[in-house]
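Put together the whole structure using the sequences plus the hints.
Chains A and B are the protein sequences, given in the same order. Mapping of the first sequence onto the working numbering: position 419 corresponds to residue 419, and the numbering continues sequentially without gaps. Mapping of the second sequence onto the working numbering: position 75 corresponds to residue 75, and the numbering continues sequentially without gaps.
Derived from the structure by calculation, the hints contain no laboratory data. Honestly, I wouldn't trust all of these hints.
Only part of the chain A face toward chain B is listed, based on derived beta-carbon distances under 8 Å [what the hints assert, rightly or not]:
hint	residue
1	Ala45
2	Gly49
3	Asn61
4	Gly205
5	Lys206
6	Glu233
7	Asn239
8	Gly243
9	Asp394
10	Leu401
For lysine to aspartate or glutamate, the following EDC-like pairs were computed, each having C-alpha atoms within a straight-line distance of at most 20 Å [claimed, not checked]:
hint	chain 1	residue 1	chain 2	residue 2
11	A	Lys402	B	Asp44
12	A	Lys434	A	Asp289
13	A	Lys134	B	Asp58
14	A	Lys206	B	Asp89
15	A	Lys402	B	Glu49
16	A	Lys37	A	Asp501
17	A	Lys380	A	Asp341
18	A	Lys402	A	Asp289
19	A	Lys348	A	Asp289
20	A	Lys434	B	Asp44
C-beta: ideal position from N, C-alpha, C; glycine also.
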Amino acid sequence: MNTQHSRRGFLGLAGLSVVTLAACSTSPAAPAAATPKSGGRLRAAFAGGGAKEVLDPHLANLFNEAARAKAVYDKLADLGADVAAQPRLAEKWEPNADLTRWRVTLRQAVFHDGKPVRAQDVLSSYARILDPGKAFRAKASLSLIDLANSRAVDDRTVEFALKRPYVEFPNALAAFGAYIVPEDTQDFTRPVGSGPFRFVSFEPGKSVLLKKNSDYWEGAPYLDELEFIIANEESARTNALLGGQVEYAHDLTPTTARSHASGGKVTIHRSPNSAVQGFAMKLDRAPFDNRDLREALFLLADRPQLVESTLAGSGQVANDLFGKGYQFYAGDIPQRERDLDKAKALIKKAGAEGLTIKLDTSTAAAGMVEAATIFADQAKGSGLTIEVVTGNKDTYWADTLKNGSLSSFRSGAMPIESHIAQRLLTTSTTNTTKWTRPEFDALYQKAVSTSDTQARAAVYGEMQRSLHADGGYLLWGFADWIVGTSPKVGGVATAPANTLDWARFDKVWLG
Amino acid sequence: MISYAARRLALGVGQVLAVVTVVFLLVQALPGDAAVALAGDDPDPARIELIRAAMGLDQPPLRRFGDWLWGLLHLDFGVSLVSGRPVADFLATGLAPTALLAALTLVLLVPLSILVGVAAALREGSPLDRALTSVSVGLHSIPEFALAVVLIAVFGVGLGWVPPTAVGGLTPAVLVLPLLVLLARPICSISRLVRAGMIEALSSDYVRHARRLGIDVRRIRFAHALPNALAPAVQQVARTTDWLLGGVIVVEAVFVIPGLGTVLVDAVASRDLPVVQGLAVVFAVTTVAVNLLADLAAFRLAPRSR
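Structure representation (structure tokens):
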């Protein structure tokens, strides 16, 4: 299942630097795939959600729904290679001096029914997402828009009023699920968007067929048709790809990638820095209300070994900070390394010798149970005993938000500001580490009210230093995101999940 | 026999109700509900409350169960909590591939098992019998998923003789591997029963007596011994049908067949109680019906066993 199958989408956006993008984009491609070519149907296999699957882009939750939503719809902005927002349906945006009013100019674009994309469509889409009775995912990101005081200046200009100064407003425009739909759309059985592909047919839990939108504002896609196929098991996606039944298989394991990388039957695409992996310690309760014990855990982790064993080498070591390579990442903070002696001393100082700590984990995300087991092993001989408890995968994230003191953590990429806003403020709704510091909240407010990028970077730097020294996230690695394609597929960018270029099929061709 | 059937039918209705109630209680006992499962990695408590209210999960569980049972009496299976689509739609779309797989399996299973079992029994102790015995004991001990993985790797991916998954539709070529996986174990167990029953029947008094009367050997074997040998096998076929409902879950996942097994796995993972309940009804009714039919068939085949 859902993974699930159950591979439930770990949403949020992964990023990578421009340098890595250039270095890693499309693996050695077969000559047929080297030059763009029009035509053909590409079949793409994703894990799906069966009953959960919907075509309403505002309800998109799983990877396949996100990829489909992106093919049919546009957002005003989306995340680029450095996980910073870049304009899409918005041609440009301009804030006023105190960052509380933003004037957004729309691109000249049309919906699939031929009607132009207007300011009213934008306001209506956001009003739908912000409906107090509804639970759309983008709601939290858009909630600082004061809709009553926002207006359509003309058909192609929207003026947004914000409830407080917010320099990162483009991040909200790029939020997961913040798609623009035609004004007052309620019925999504035959979706009409402004995206590169038009809707043809949908069989829930099975497939979605789209065809090219020749009038797309950014140019028509190469492909004539795009079919999303549901295959929940990773092995089934791999087999379908190997058997020539699909041309694109999303979300493969490092082991599969290693087995088939050199076989010539498939091309493996790796997107670095896609998902961060780690453990979350809760600061509001014993034993991790003790700073020394948190530091001891930081020092117990052998990060290279975790990357090697859990990610089969398909990843990089992390430094307890979110978003390596993204805009505003504090790369100047020295890398933490394992130091067993110092960890032992800290455990002794904290009076925690002989203590057994439960580490909650589950198969809700790939590699979490393995990482927890390896970490428990690394803690042997330190005076602490870490006991791995495998919980229910379907309710894991809600369970670990409330319960326990130490849990496995994984997140897809998103802007560093979004990570802070969602998880590290007193008011954050998914503050798993219970990091509630008034001075940190104040720094965040300062950062998002600072127009100057360099001055803002300095504030984000200060916040990351305090998290690195004192925080509850022990982040040990960044996993590559792995996609397999037929060798004749060209134009696959190695962008992490949910950034603009991830699972983006209008730039892909069949050679 | 009619009163026997009527009694069994009444018992069957009770069994279905019991299964549905137990399934309801079990899903209630699972940690979390559909709202929590849907919220996934964004478990904002306020958001979960909104989802919960939208799904009607703020109603007391007993009331929801009562409403659902009342709907069922009117043949209304309710709507999926998660997608709002009618449960009957899920059952209808999932039923075709699953029923096709199950029906083909059963249709092939009976003649193949009889063939193998009778062939072994007629040459009891011969190299053929010993070979069949070893193969069936070996095959019987391989779990479906392992067999499926090996068959796909060899015939689907390696040799490329048949498609490795059902992506793109259930064509005859696609069905080959799933059917092999589903048939492997039941053929082994049923052919063993046929063999044992046949050997026992062939050495029974009435067969010896028939032989002494000079009746044609083939007639003795196939008109007299075989029906008696089949009675235990028919019961096993019924049990196989129950087992098939489980086996298809594995087979559907491995071969990407969007049938009832896939629907069930998804529905349990997302705590979509109305869908799980609907499937429980379908599975329970099928099981009860098949067992009833098997009992009646065994009764007809071997009246002596009364």
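Hints, verified against the model:
1. Residue-level restraint check for Ala45 (chain A) holds (minimum Cβ-Cβ distance to chain B is 7 Å; threshold 8 Å).
2. Given hint, Gly49 (chain A) at the interface with chain B, holds; its Cβ is 7 Å from that chain's nearest Cβ, closer than 8 Å.
3. Interface restraint check for Asn61 (chain A): the shortest CB-CB distance to chain B comes to about 7 Å, inside 8 Å, so the restraint holds.
4. The closest approach between the C-beta of Gly205 (chain A) and any C-beta of chain B is roughly 5 Å, which is under the 8 Å cut-off, so the hint is satisfied.
5. With its C-beta approaching chain B no nearer than about 5 Å, Lys206 (chain A) sits inside the 8 Å limit, and its interface hint holds.
6. A least Cβ separation of about 5 Å between Glu233 (chain A) and chain B falls short of the 8 Å threshold, and the interface hint therefore holds.
7. Taking 8 Å as the C-beta contact cut-off toward chain B, the hint placing Asn239 (chain A) at the interface holds, the least distance being around 4 Å.
8. At a threshold of 8 Å, the smallest CB-CB gap from Gly243 (chain A) to chain B is about 4 Å, leaving the interface hint in force.
9. Contact between Asp394 (chain A) and chain B, as hinted, is supported at the beta carbon level, the nearest pair being about 5 Å apart and thus within 8 Å.
10. At its closest, the beta carbon of Leu401 (chain A) sits 5 Å from a beta carbon of chain B; the interface hint therefore holds under the 8 Å criterion.
11. At roughly 11 Å between alpha-carbon atoms, Lys402 (chain A) and Asp44 (chain B) fall within 20 Å of each other, so this suggested pair holds.
12. Between the alpha carbons of Lys434 (chain A) and Asp289 (chain A) the distance comes to roughly 10 Å, so the proposed pair stays at or under 20 Å and holds.
13. Restraint check: the Cα-Cα separation between Lys134 (chain A) and Asp58 (chain B) comes to about 15 Å, which is no more than 20 Å; the hinted pair holds.
14. About 14 Å separates the Cα atoms of Lys206 (chain A) and Asp89 (chain B), which keeps this hinted pair within 20 Å; it holds.
15. In summary, the hint linking Lys402 (chain A) to Glu49 (chain B) is supported, as the alpha carbons are separated by about 15 Å, within the 20 Å threshold.
16. The suggested pairing of Lys37 (chain A) with Asp501 (chain A) holds, with an alpha-carbon distance near 19 Å, which does not exceed 20 Å.
17. Taken as a hint, the Lys380 (chain A) and Asp341 (chain A) pair is honoured in the structure, with Cα atoms around 12 Å apart against an allowance of 20 Å.
18. At roughly 15 Å between alpha-carbon atoms, Lys402 (chain A) and Asp289 (chain A) fall within 20 Å of each other, so this suggested pair holds.
19. Restraint check: the Cα-Cα separation between Lys348 (chain A) and Asp289 (chain A) comes to about 15 Å, which is no more than 20 Å; the hinted pair holds.
20. As the CA atoms of Lys434 (chain A) and Asp44 (chain B) are separated by approximately 14 Å, the hinted pair is consistent with the 20 Å bound.
Hint check: no violations occur; every hint is consistent with the structure.
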